[in-house]
Every structure is written in structure tokens, then in C-alpha cells.
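> Given chain A's structure and the hints, the job is docking chain B onto it.
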Amino acid sequence: MDKATIELLARRAGLAKALAEFPEDVAAAAKQAADVASRIEQPTEPTAEPWPPMRAGRGL
Amino acid sequence: MSELHWLSAAQAARAIAAKELSPVALMQALLDRIARLDPKLNVFIRLDAEAALAAAMAAETEAAAGRLRGPLHGVPVGIKDIIDVAGLPTTAHSKILEDNIAAADAVCVQKLRGAGAIVLGKVATHEFAIGGPSFDLPWPPARNPWNTDHHPGGSSSGSGAGVAGGLFPLALGTDTGGSVRNPASCCGIVGLKPTYGLVSRRGVLPLSFTLDHIGPMTRSVADNALMLEAIGGHDPLDPGSAASAAGRYAAALDRSVRGLRVGFVRHFHEVDVPAEPEVTAALAHVARTLQMEGAEVRGIRLPTLGEFAAVNRVILQSEAWAIHAPWLRERPGDYGQLSRRRLMAGAFFGAGDYVQAQRRRLQMIAEIEAAFREVDVLLCASSMDPPCRIDRPVDIDRTYARQARTPFNVSGHPALAMLAGLSVDGLPISVQFVGRYFEEATVFQVARAWEQAAGTDKKHPPVV
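Protein chains in written order, with numbering that gives the first Met the number 0: chain A, 0 to 59; chain B, 0 to 463.
Please note that the accuracy of each hint is not assured.
Unchecked claim - If we take Cβ atoms under 7 Å as the criterion, some of the chain B residues that face chain A in the derived model are:
#1 VAL313
#2 ARG340
#3 ASP352
#4 LEU361
Claimed, not checked - Once the Cα atoms are required to be at most 27 Å apart in a straight line, the calculated BS3-like pairs of lysine-lysine come out as:
#5 A/LYS16 to A/LYS30
#6 A/LYS30 to B/LYS94
#7 B/LYS94 to A/LYS16
Everything labelled a hint here was simulated from the structure, so no lab data went into it. Backbone N, C-alpha and C define an ideal beta-carbon position, used for all residues, glycine too.
Isolated chain A, as found in the complex (with noise of 0.2 Å):
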């Protein structure tokens, strides 16, 4: 992920103060999270369900 996006979604997420005040850690977890979702493998059937599965009437 390059400066300028990490920028971008930094400032999307609400972080401008941590951007101007801590650079270097909303860099590193920019990295940490896109290194960490490529190495899920992605389910490619397409009726694969998330978890927790929706269960009606089992509210509080």
C-alpha cells in the first residue's frame, strides 16, 4: 500500500490526528492489515457462509 492511500484511508477512518501525530504507526498498520488479509485463502464456492450464522428467535 503506497503513502498516498494510506493517507486516504487514514483520513476516511477518522485518523487525521493519529496520522499527523503518529506517521509511523498508522503506517505500520496499514502494512500489518494488508499483509495479514492476503494470506487468507479466499472461499471461491459461492454459497460458502460466513460465521456466526443468522439464527432467528435466538436473541436475548
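Structure of chain B alone, referenced to chain A:
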């Protein structure tokens, strides 16, 4: 009677019930030990000595009159400082919540008090159960009683260090990516992450809604079972609470493991994240010992640790961002650097990343469930290394992800970490046992068999 600080909870409760031990004498012995050792261990954020002594006096009066509140009558307990105790601050070891006084006890604390336990105080954690060990917070990080230059693990650091150091026999920890089992591993004690939903999360500061678990930390398997009996059970006001009641675990502890099918997940520590040789040797020794006790040990394959860790991280950091975004936007400087970096990562995931992680999660759960159709319990590594020095960020970074605990936060299966042996440097090496959903009794059964064969509950840190 042996030294009071090494009494197990079960031994202490039995002696109090038989009027052979005064709860006040026990409490005073622990308070004296805390006064002597806590300046080195940094376990307590808030010691509530006055209230603890008053409760011990009340427990003594009740015991003398034959009125026992429950199976933990008069037994002291330490509470991780993300868990509410009425009238005390829940700081999460953070400047952000320095003045956050809890109005009521968390459900798990209520239940411990109902069983007769006495709250000693609030103990150290990694900041918000994610950022640590850190030296830029209002309180110092806890230290490992086996060697105070070393990390006690986290995030339930004070719970692990306090139990191992003989400051209290029981502690509550929480576990979102391994945070009960990591300090249990580093400090050579017994830490259980129960089945997701078995212990109510109400009154506990969340880190990640679908990964958070509350668990018991003790010096023996029997105490762990006893504590789980006290804190488990359905809570209608916790939306993640399971319908089942807590089991009766302590009574079934001494069943033989003969004929039990144990799946040894070797690829975790041999291929995915190669362990230190002495960890590999210790795990093989545990497997051989269980075989000699009559268990049938066979190899089992699961998805890789790398992928489990990635799924855990995407879900954890996305959910944690939802909780922390307002503070991170307004007060980023009031976080320590480690938690600021880890928590802000959630801002950079897309909705698709989160949903894909949850979809992959369900597939991974199915793969673990398939394994449990072949075996009764899993045996695997917990940490791939003995605890590293606490003052070397490079070593902390290197060992942080070298673990096999996150798979069972992702899946929600019960998982217990305990001492497997000692390294050449005299530091704890760990093993992990994992069971089917709500079959904590089987996990305890295997853990107890190993404990009895190896005498792990008799091993205490030499330095304290």
C-alpha cells in the same frame, strides 16, 4: 500444613471447611508475600487488601458457624484488569480508562464470589488485552516469576505471574488470540480457554466479540476444573452465551486415559512454525507418556497455523476497531505504541476482508470437527519457544506469532495449556490439549494424566 502460598485452591478450601485453616491467616500470608514480591513482579494494578481482609474475616466467621458459601470458600483470586469488579477501576492497563470505576461485578466475578472466593485485586494485562509488553503505559508490565528478566506472556500477564509466583492460587484471564494460554505457557501453570460461550462475557471489556473467551488460570488441573465449575453456565444477557449449563468437571478428573484417541498435530510445530528443539522434544515426551498410560496417539492434520493466524487477526482487528475507533480518533496519544499500531490496523480492512475471514473460519471449523470424528482430544504445541527476555523488543516480535493457540479462538473449541517441562535455562516449556465443544472434562482428564505422570503441579519458580 505446607507453605500457605503454595496450597492449591482445593486444599485451602478443604482445610477452611474442616476448620484447620483460617481464611484470615491464608489471606495475611498472601498479602505478606505480595508486599515482598510484587515490587519485582508488577502483578497488581490495584491491590484491594482492606476489602480482601474484611472478606476473609467474614469467611472465617461463616466457616466457624458451618456456613460455607461454596467450594471456594475463603480462597483468594486475582482478576485481570479488563474484568469488572464493583467499586474498583477497570483500567485495561491503559491511560484511556484510568478513572473507569466499575459499577457492578462481571458475571464471572459474581459467580466466583458466590462460590466463596475472595477478590484480592486487579492485575496487570497487556493494554486492552492486545498491546504488550509495554513500557509506555501508566503501570509497568508484569514479570515472569521463573526469571524476572523474562516475559510472563500475555495478555493475562498479571494473572499468570501471580498464580505462578504464589501470590494467589486462582486467577481469571481472557483469551482472544491465546491470552490465557500464553501466560500459562510462559509461567508454567494451567490455563484453560473454555468452549466459546461457556463462560459469560458480561462485564468484561471486549476486544473481539466473536473471539473473546474468559478462562481459569491455576497451578493444578484439579483447581482449574473447580474454577470452571464455578464460573461456567448460561447467561441470558450475554448474546454469545451457550445454552448449556456448566459441567461437573472435578469429579471425573481421575478417569484413566486408556483407550482414549489422541490426535497429535505435529505439523504445527514441525512444519508450519518450526519449534525450538527442546520444545519439540518435550511434546514428543508428552505423547509417549500418554501412550504409556494407555492412550492411542495418531497424527492429525489441520489447516496451517499461518492461515489460522491470519483469519484470527482479520476478525480480531476488525472487531476491535469497531470498539476502539472513537478513542483512536480523539486520543491516539493515550495508547501505548504497540496497541495503537495493532488496533489501528482494523481501520485498513475492508468489509470484504472481514466477511471472507468469517467464511474461511467456518470451513476451518469444519476441518477441526472432522478431526474430532477420528480422535477424542488433540495434542499440540502452545508456544514454540520458552519465554524470551522482556526487555528485548526484537525477541518479543520474533516469538509473538510463534504459537499454536489462535486456531482454537477461531474455532471456539476448549483448549488448555500447561507445563510440559523446563528448558536448559530453567524456563517453562508448554503443551496444549484441545477437546470437542463442551467436552472440557476430556481435556481435563488428559491434562490430569500428564500432570500426575510428570508432577507438573509440584514445580514452582525458584526465584520467589
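> All hints, please: hold or fail.
Comparing the hints with the structure gives:
1. Because the closest C-beta pair between B/VAL313 and chain A is about 6 Å apart, less than 7 Å, the hint holds.
2. Look at B/ARG340: its Cβ gets to within about 5 Å of chain A, closer than 7 Å, so that hint holds up.
3. The interface hint given for B/ASP352 is met, as the beta carbon of that residue sits about 5 Å from the closest beta carbon of chain A, less than 7 Å.
4. Annotation: interface hint on B/LEU361 holds; nearest CB of chain A at approximately 4 Å, less than 7 Å.
5. Between A/LYS16 and A/LYS30 the CA atoms are separated by roughly 19 Å; this keeps the pair inside 27 Å, and the hint holds.
6. Taking the CA atoms of A/LYS30 and B/LYS94, the gap is near 26 Å; set against the 27 Å cutoff, the hint holds.
7. Taken as a hint, the B/LYS94 and A/LYS16 pair is honoured in the structure, with Cα atoms around 18 Å apart against an allowance of 27 Å.
Comparing the model with each earlier hint shows no violations; every hint is respected.
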